[in-house]
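Produce the entire structure from the sequences given, and follow the hints as far as they go.
Chains as they are written, first to last, in my numbering: chain U, 333 to 494; chain Z, 2 to 287.
I should point out that these hints are in silico values taken from the structure, not numbers from a laboratory.
None of the values given here were measured: they were computed from a predicted structure.
The beta-carbon is built from N, C-alpha and C at its ideal position, and this holds for glycine as well.
Among the hints, a few may not be true.
[Said to hold, decoys possible] In silico BS3-like links for lysine-lysine, alpha-carbon gap of 30 Å or less:
no.: 1; chain 1: U; residue 1: 395; chain 2: Z; residue 2: 230
no.: 2; chain 1: U; residue 1: 388; chain 2: Z; residue 2: 230
no.: 3; chain 1: Z; residue 1: 147; chain 2: U; residue 2: 361
no.: 4; chain 1: Z; residue 1: 147; chain 2: Z; residue 2: 241
[Stated by the list, open to error] Just a sample of chain Z residues kept apart from chain U, beta carbon distances all over 12 Å, derived:
no.: 5; residue: 46
no.: 6; residue: 151
no.: 7; residue: 194
no.: 8; residue: 195
no.: 9; residue: 270
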Amino acid sequence: MRRRIVAAILLAIPALVWGAAGVLSRDAKLRAEPHSDAAVRGRLAAQAPVEVLERKGGWYHIKTLQSQPLDGWVRLADVRAGRNESAGVQGYLGSGRAGARDSVATTGIRGLSETDIANAQPNFAALSQLAGYSSTPADVSAHAGRLGLKSQAVALFPEDQP
Amino acid sequence: MSRRRLLICALTAALCGCASGGFDPDGALGQIAQAAGIAPKVGPEEEQKIGDTAAATLLGGAPLWDNQRAQRYVNRVGAWVAQHSSRPELSWRFGVLDNDNINAFAAPAGYVLITRALLQRLNNEAELAGVLAHEIAHVAQRHHLKAITQQHVTGYFTNLGMSALGKKYQGANDPAIQKLVGGAKQLYTLGLDRSDEYEADRIGVVLAARAGYDPYGLPAVLQTLASFKADDPALALLFKTHPRPADRLAELDVRMQDRMDAYADGALGEARFRSELQARPPDAAH
Numbered sequence: 333m334r335r336r337i338v339a340a341i342l343l344a345i346p347a348l349v350w351g352a353a354g355v356l357s358r359d360a361k362l363r364a365e366p367h368s369d370a371a372v373r374g375r376l377a378a379q380a381p382v383e384v385l386e387r388k389g390g391w392y393h394i395k396t397l398q399s400q401p402l403d404g405w406v407r408l409a410d411v412r413a414g415r416n417e418s419a420g421v422q423g424y425l426g427s428g429r430a431g432a433r434d435s436v437a438t439t440g441i442r443g444l445s446e447t448d449i450a451n452a453q454p455n456f457a458a459l460s461q462l463a464g465y466s467s468t469p470a471d472v473s474a475h476a477g478r479l480g481l482k483s484q485a486v487a488l489f490p491e492d493q494p
Numbered sequence: 002m003s004r005r006r007l008l009i010c011a012l013t014a015a016l017c018g019c020a021s022g023g024f025d026p027d028g029a030l031g032q033i034a035q036a037a038g039i040a041p042k043v044g045p046e047e048e049q050k051i052g053d054t055a056a057a058t059l060l061g062g063a064p065l066w067d068n069q070r071a072q073r074y075v076n077r078v079g080a081w082v083a084q085h086s087s088r089p090e091l092s093w094r095f096g097v098l099d100n101d102n103i104n105a106f107a108a109p110a111g112y113v114l115i116t117r118a119l120l121q122r123l124n125n126e127a128e129l130a131g132v133l134a135h136e137i138a139h140v141a142q143r144h145h146l147k148a149i150t151q152q153h154v155t156g157y158f159t160n161l162g163m164s165a166l167g168k169k170y171q172g173a174n175d176p177a178i179q180k181l182v183g184g185a186k187q188l189y190t191l192g193l194d195r196s197d198e199y200e201a202d203r204i205g206v207v208l209a210a211r212a213g214y215d216p217y218g219l220p221a222v223l224q225t226l227a228s229f230k231a232d233d234p235a236l237a238l239l240f241k242t243h244p245r246p247a248d249r250l251a252e253l254d255v256r257m258q259d260r261m262d263a264y265a266d267g268a269l270g271e272a273r274f275r276s277e278l279q280a281r282p283p284d285a286a287h
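Structure, rendered in structure tokens:
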């Protein structure tokens, strides 16, 4: 709870779908814990409106929006998120170019639309600019280490194994 | 059926022998290979040239975001994930394009570009890692090279001659390069095979897990994408070139539930993500 309050203070706009409405994309079992062998608290029908509270791994903590709301966990794919144009950190960051926000209604999308790609002339000079942003392997490892990232062996899904 | 299989084996053996630079896709062997549906392996120099040209084409459509800190951050995250791919030896290069379309692109030889609009809709480093991992998987699996050497995508490339790559590179006005540019544009506006997109999703979540991240970062991003209106212009190209986010999410979910929940305690990196991206672009004086 405290983490959500802190996040709300840091950001002018709420992150992702927390507290946002969605509906169930399919019939789903509502579980007591974010584990597939947790107790089933209820069986929910597709289209049931829900509020999404948090994500833990592949599970959403939801509350059903009914007279006696149920609280529990479903799979990510069980939920179809509602409209959420505030997703992400965009409100906090602002835009990279002046006037970037006002272009949609009048001039159409600015940036890499299909037409922009079709009209693009290659910019080879930008490749060396791009190269300038990369880091040494030591720096990359140190950066990972600062987040406590640890490499682990994980097998590909069976259909992708050679 | 068995005669065709014999032909394929013979051709594959012959092509593998010519893999590193001597292969002429315009020659008789190349034509037969195309007809038989085999994608001949492109050598490292050709791959670099194709990748350079494809990336330069995208960079011609949108400038790099003038935020050095964000660019370095995205590179560090991407390079770490790429170390866990099947092709860690490539010169992996990551960039953020400054524009309002929500999209990410990969190009052969190790280029990954994402748009600022997509970056700003992410919530943590695990989501960024997931997006980058999907693109890294495209490069590791040579999906773009496969598309380029398959006739149905590039009557363009094959008609013009992959052998043009063997000639001395003369810069952006080089007609051979212009032909490559045309092929790249076609590829980025048509998209890859949808099966390649699903494959990049599957391999991507594994790469993220190997790198120590919560592998549900990419599925969470797909949920964000699914929450947009289908006709939102910012997503027009993405939705045209990829399967529907809800379908991608369903495909991942059924596979991940048994295998990947063990890694779901992987790092999210929410604080670092917000901190690295909140820096304003440097002043001109600096």
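**Report entry** Ascending list of hint numbers which this structure does not respect
**Finding:** Of the numbered hints given earlier, those the structure breaks are 3, 9, listed in rising order.
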